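K.L.:
Below, each chain spelled out in residue letters.
2 protein chains.
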Amino acid sequence: MSTRRNFLLQTALGFGALAVPGLSATAGTIVKKGETEAGPLLPVGMAGYTFAKFNIDQAIEMLNRINVRNLSLKDIHLPINSTPGQIREVTEKIANAGIKIYAVGVIYMKTQTEIDNAFAYAKRVGVPLIVGVPTPELLDYTEQKVKEYNIKIAIHNHGPEDKLYPGPKSVYDLIRNRDARMGICLDIGHAMRAGEEPAQAVLNYRTRLFDLHIKDVTAAAKDGKATEIGRGVIDFGKLTTNLLKIRYPGICAIEYEKDMNDPLVGIAESVGYFRGVSREVSRKGA
Amino acid sequence: MSTRRNFLLQTALGFGALAVPGLSATAGTIVKKGETEAGPLLPVGMAGYTFAKFNIDQAIEMLNRINVRNLSLKDIHLPINSTPGQIREVTEKIANAGIKIYAVGVIYMKTQTEIDNAFAYAKRVGVPLIVGVPTPELLDYTEQKVKEYNIKIAIHNHGPEDKLYPGPKSVYDLIRNRDARMGICLDIGHAMRAGEEPAQAVLNYRTRLFDLHIKDVTAAAKDGKATEIGRGVIDFGKLTTNLLKIRYPGICAIEYEKDMNDPLVGIAESVGYFRGVSREVSRKGA
Numbered sequence: 001m002s003t004r005r006n007f008l009l010q011t012a013l014g015f016g017a018l019a020v021p022g023l024s025a026t027a028g029t030i031v032k033k034g035e036t037e038a039g040p041l042l043p044v045g046m047a048g049y050t051f052a053k054f055n056i057d058q059a060i061e062m063l064n065r066i067n068v069r070n071l072s073l074k075d076i077h078l079p080i081n082s083t084p085g086q087i088r089e090v091t092e093k094i095a096n097a098g099i100k101i102y103a104v105g106v107i108y109m110k111t112q113t114e115i116d117n118a119f120a121y122a123k124r125v126g127v128p129l130i131v132g133v134p135t136p137e138l139l140d141y142t143e144q145k146v147k148e149y150n151i152k153i154a155i156h157n158h159g160p161e162d163k164l165y166p167g168p169k170s171v172y173d174l175i176r177n178r179d180a181r182m183g184i185c186l187d188i189g190h191a192m193r194a195g196e197e198p199a200q201a202v203l204n205y206r207t208r209l210f211d212l213h214i215k216d217v218t219a220a221a222k223d224g225k226a227t228e229i230g231r232g233v234i235d236f237g238k239l240t241t242n243l244l245k246i247r248y249p250g251i252c253a254i255e256y257e258k259d260m261n262d263p264l265v266g267i268a269e270s271v272g273y274f275r276g277v278s279r280e281v282s283r284k285g286a
Numbered sequence: 001m002s003t004r005r006n007f008l009l010q011t012a013l014g015f016g017a018l019a020v021p022g023l024s025a026t027a028g029t030i031v032k033k034g035e036t037e038a039g040p041l042l043p044v045g046m047a048g049y050t051f052a053k054f055n056i057d058q059a060i061e062m063l064n065r066i067n068v069r070n071l072s073l074k075d076i077h078l079p080i081n082s083t084p085g086q087i088r089e090v091t092e093k094i095a096n097a098g099i100k101i102y103a104v105g106v107i108y109m110k111t112q113t114e115i116d117n118a119f120a121y122a123k124r125v126g127v128p129l130i131v132g133v134p135t136p137e138l139l140d141y142t143e144q145k146v147k148e149y150n151i152k153i154a155i156h157n158h159g160p161e162d163k164l165y166p167g168p169k170s171v172y173d174l175i176r177n178r179d180a181r182m183g184i185c186l187d188i189g190h191a192m193r194a195g196e197e198p199a200q201a202v203l204n205y206r207t208r209l210f211d212l213h214i215k216d217v218t219a220a221a222k223d224g225k226a227t228e229i230g231r232g233v234i235d236f237g238k239l240t241t242n243l244l245k246i247r248y249p250g251i252c253a254i255e256y257e258k259d260m261n262d263p264l265v266g267i268a269e270s271v272g273y274f275r276g277v278s279r280e281v282s283r284k285g286a
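Residue numbers (UniProt numbering), protein chains in the order written: chain W, 1 to 286; chain A, 1 to 286.
One chain only, chain W, in its complex shape:
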């Protein structure tokens, strides 16, 4: 036990000792290869839910460690009823770390009031995109708000156990004839479990693909479990090939849902794998 205890202390101390230089070093100076002035080929981001068990300072520390510069901000880290002062505090903290909030969400919306609040919140935060789950009967109302605010919505699919949006097709079928600012946040893990192959979904729904939740799962079945990217059943070569093919203009947001009390190691492996695959695929395409 004493060995274990020492190890944990060492790990903790090591992390702490490195966190501060890491923070200052990454705020603008370290640029990921392939993410240079010309812009990244497939920019990596993070879905805020990944950091559900941590506060925003800790989330920023982890983002810096793995050099990820795009965040879909989750209400866990900035509640929807935040005051302007609270919003300013959190968004400035994130901006000062060199991280861009490109969306807010996932936000669940079951009433008109919740939709009102979500759009008002997105506007106050200053983002052009909500990743959300408005219940289907509220899509007309959601569309009104999209027009009113000129803020896009990317509706997020869950898996086969979800009654509303099990896969991306269930989203697409309900928005395909609506305002062009209504689209999909394709959660590739849930899509895979719902029987929709993510790379094919990228092609099928290309015109409405606004955001991605990228993860891997152990099986293409309801009981598939979240795992490190590259260890599961999703074909990331095919996925990134198709993303490049459609010139996907959004962020590739990694959402890591395993080891949520201690996610950084699995996040790092996942981000590394995704960057490695997408870099090779980009080169092949070039």
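Each hint should be verified, as a subset may be incorrect.
Just so you know, same-sequence chains aren't split out, so a pair can sit in one copy or run between any two.
[As the list claims (entries may be wrong)] For lysine to any residue, the following SDA-like pairs were computed, each having C-alpha atoms within a straight-line distance of at most 20 Å: (1) 284 with 233; (2) 225 with 261; (3) 225 with 242; (4) 53 with 94; (5) 284 with 237; (6) 123 with 181.
FYI, nobody ran anything at the bench for these hints, they're computed from the structure. Computed from a predicted model, the values in this text were never measured in an experiment.
Since the structure of chain W is already known, use the hints to place chain A on it.
P.N.:
Quick look at chain A alone, frame taken from chain W:
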């Protein structure tokens, strides 16, 4: 500060809580995609020096976390003068974790006695390969021992600051006409800093390429610093393409020399990136 403290505790606790299931789960059951019955395309391993600041239990815990199953054992974790009982204890511990010791090293050998000790040690540990640095004037004697023990030696290059073996060419030129069991452990980071492009070195020294130390560096110059794989200047697509081209029969041992007090996050990113690139390159070749 209290936030930082809580975060570190959480990280430490999370790690501890997950370490035990991780250990049991990975001991034989979780197999990396592409590393199936047919054998891995480019098997990933770890150079033991990566864990210089940790004991062998901690090293095993980290190897399990990132699912790496090949280790070049460093004398830090099993001293060269270990008793048979000590050797058994450490090697059984590693074997029980489902990890294979494929080599010992890096071992520095400046005298005949140190060469004697290294070969006797490798034999007692039961490995077919020493990764070592025998001084050039001892290469005749080293060759005698290679023949006597039938144990291969992979001579490791350092960088431009090293008088003995700055790059792989300095090794190759001295062993090319010697026993076929004398070869190179190509340290790609040091090679890059010494002005030898690693992917080209793979082709040039293919007949004598026994082992690899895989890392990335920030610059192809003496003062280039160790960094996470994928963040530096080494072309891993080209490297893995050439490794597949020569049908490299060895292990791709990652050696991570940044954040040595807290290496696991950077190791994970590095292993992820290398696996991602090599998987895509394998697919392209297929």
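K.L.:
Now look at each hint and say whether the structure bears it out.
P.N.:
Against the structure, the hints come out as follows:
1. 284 with 233: So residue 284 and residue 233 pass the 20 Å test across copies only (18 Å; inside, 22 Å).
2. 225 with 261: Only inside one copy: residue 225 and residue 261 sit 16 Å apart there, 32 Å across copies, limit 20 Å.
3. 225 with 242: neither (24 Å within a copy, 35 Å between copies)
4. 53 with 94: within (18 Å within a copy, 33 Å between copies)
5. 284 with 237: both (11 Å within a copy, 10 Å between copies)
6. 123 with 181: within (15 Å within a copy, 68 Å between copies)
Consistency with the previously given hints fails for number 3 only.
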